[in-house]
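S.K.: Residues per chain are reported as follows:
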Amino acid sequence: MEAKNRRLVDRCYKFVEDIAKIHVDAFNRCNIIPSEVTININEVDKHKKIRSKIGIGYMEWIFSPYPFHGYDCVIKTKSDKITISITFRPTYILRAVSDDEMKLKLLQITSMLRSRLKRVFIRKLKEPVEKTLQTVYQILGDKKEELLSDSSLLQLGM
Amino acid sequence: MKEINELEEKIKEWEKLKAALINRMAVSLARIASGYGKYAEKSHIIPYRIYVDTNDLRSKEVDRLLDNQMIKHVRWYIHNPRSDSNYYLLFIEYEHYLKERKVNEKKTYVPIELEVDKKNYEILSIKTHGDERALVLLSLLTTLNEEAILTKLMEKIRDQINEILQHIARILKTEWREVNAL
Numbered sequence: 000m001e002a003k004n005r006r007l008v009d010r011c012y013k014f015v016e017d018i019a020k021i022h023v024d025a026f027n028r029c030n031i032i033p034s035e036v037t038i039n040i041n042e043v044d045k046h047k048k049i050r051s052k053i054g055i056g057y058m059e060w061i062f063s064p065y066p067f068h069g070y071d072c073v074i075k076t077k078s079d080k081i082t083i084s085i086t087f088r089p090t091y092i093l094r095a096v097s098d099d100e101m102k103l104k105l106l107q108i109t110s111m112l113r114s115r116l117k118r119v120f121i122r123k124l125k126e127p128v129e130k131t132l133q134t135v136y137q138i139l140g141d142k143k144e145e146l147l148s149d150s151s152l153l154q155l156g157m
Numbered sequence: 000m001k002e003i004n005e006l007e008e009k010i011k012e013w014e015k016l017k018a019a020l021i022n023r024m025a026v027s028l029a030r031i032a033s034g035y036g037k038y039a040e041k042s043h044i045i046p047y048r049i050y051v052d053t054n055d056l057r058s059k060e061v062d063r064l065l066d067n068q069m070i071k072h073v074r075w076y077i078h079n080p081r082s083d084s085n086y087y088l089l090f091i092e093y094e095h096y097l098k099e100r101k102v103n104e105k106k107t108y109v110p111i112e113l114e115v116d117k118k119n120y121e122i123l124s125i126k127t128h129g130d131e132r133a134l135v136l137l138s139l140l141t142t143l144n145e146e147a148i149l150t151k152l153m154e155k156i157r158d159q160i161n162e163i164l165q166h167i168a169r170i171l172k173t174e175w176r177e178v179n180a181l
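Chains as they are written, first to last, in numbering that gives the first Met the number 0: chain A, 0 to 157; chain B, 0 to 181.
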């Protein structure tokens with residue numbers, strides 16, 4: 000049982016680490032990317048299949064990089080909360096307010112939903128970039144092509 | 000993974016657009032700064048610092064753009080280049096507000112250091128230290144309104160010179176009358 004739980008925890012760490020890499024890289028290159036992404040369980044478990052299996056009504060995940068230290072994934076229910084912190088040293092820390100049983104439940108759901116969570120997470124990073132691009136192109140109108148094709152301008156050092 | 004590739008593509012597209020806009024803005028600002036610098040270097044009458052405001056531009060396109068972004072006004076400041084330096088210090092100030100509450104939120108400054116070769120006004124380097132979103136919006140505004148900003152700047156310089164010349168003329172006229180009365 001202990002080995003099984005250890006594997007579950009490791010899987011969740013790996014998942015948060017993957018998300019952290021994507022988020023930090025995107026955020027460093029483009030600060031239109033939101034610094035905090037919240038995913039509600041309704042977005043990844045529409046038909047309540049997973050929730051009813053584990054017996055949890057409401058849940059959300061909050062992903063956020065924190066400066067110089069690393070990355071946090073806070074998993075919350077209405078009354079409980081656990082945080083998976085990834086530091087860039089790298090060391091994994093699991094801070095939990097929940098008791099062990101609840102903690103395992105939250106990790107179980109996270110593990111089961113991890114590919115859906117990743118998909119929704121990436122969509123939430125992509126949306127603001129798409130929206131801003133669209134707005135800028137709309138303003139530029141027919142000057143867009145001229146601006147982007149003027150390669151000589153891109154030679155300037157910044 | 001398909002989603003990651005799509006995100007990567009969008010970020011690359013953003014990086015390219017941002018670079019193109021900032022570079023284009025640098026060209027516009029160099030033109031604006033050189034228009035000012037040519038006169039500022041010749042005459043002490045020209046103020047040390049001059050600005051052009053979006054209120055000066057009076058364009059529907061600009062108004063709509065500012066309104067969409069909840070920005071009250073944008074002001075382009077251009078500093079007189081020091082004689083021993085190639086630098087033009089430019090900064091763009093904008094004030095935005097919460098539209099719903101109709102209250103001023105805050106003023107934000109986007110400083111831009113532009114190093115321009117003073118002989119032929121070529122850009123040597125540009126350093127930007129602003130919020131990315133603001134910078135792109137302001138690049139856009141500068142790029143689209145380069146001519147209008149330049150025209151307004153020249154108008155302001157001309158008005159300043161005229162004002163001083165008129166002042167001198169008034170003094171001379173008074174003195175001339177005094178001389179004639181003797």
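Read the hints as simulated data drawn from the structure, not as lab findings. Note that the structure is predicted; figures quoted are calculated from it, not measured. Heads up, a few of these hints could be off.
Label pairs and their computed distance ranges (CB to CB) [as the list claims (entries may be wrong)]:
#1 A:133 to B:147: 20 to 30 Å
#2 B:105 to A:41: 27 to 37 Å
#3 A:34 to B:44: 23 to 33 Å
#4 A:34 to B:41: 47 to 57 Å
For each residue, glycine too, the CB sits at the ideal point set by N, CA and C.
S.K.: Does each hint hold? Answer for all of them.
M.R.: Hints versus structure:
no., hint, result
1, A:133 to B:147: 20 to 30 Å, "holds (25 Å)"
2, B:105 to A:41: 27 to 37 Å, "holds (35 Å)"
3, A:34 to B:44: 23 to 33 Å, "violated (49 Å)"
4, A:34 to B:41: 47 to 57 Å, "holds (49 Å)"
Violated hints amount to a single one, hint 3; each of the other numbered hints is respected by the structure.
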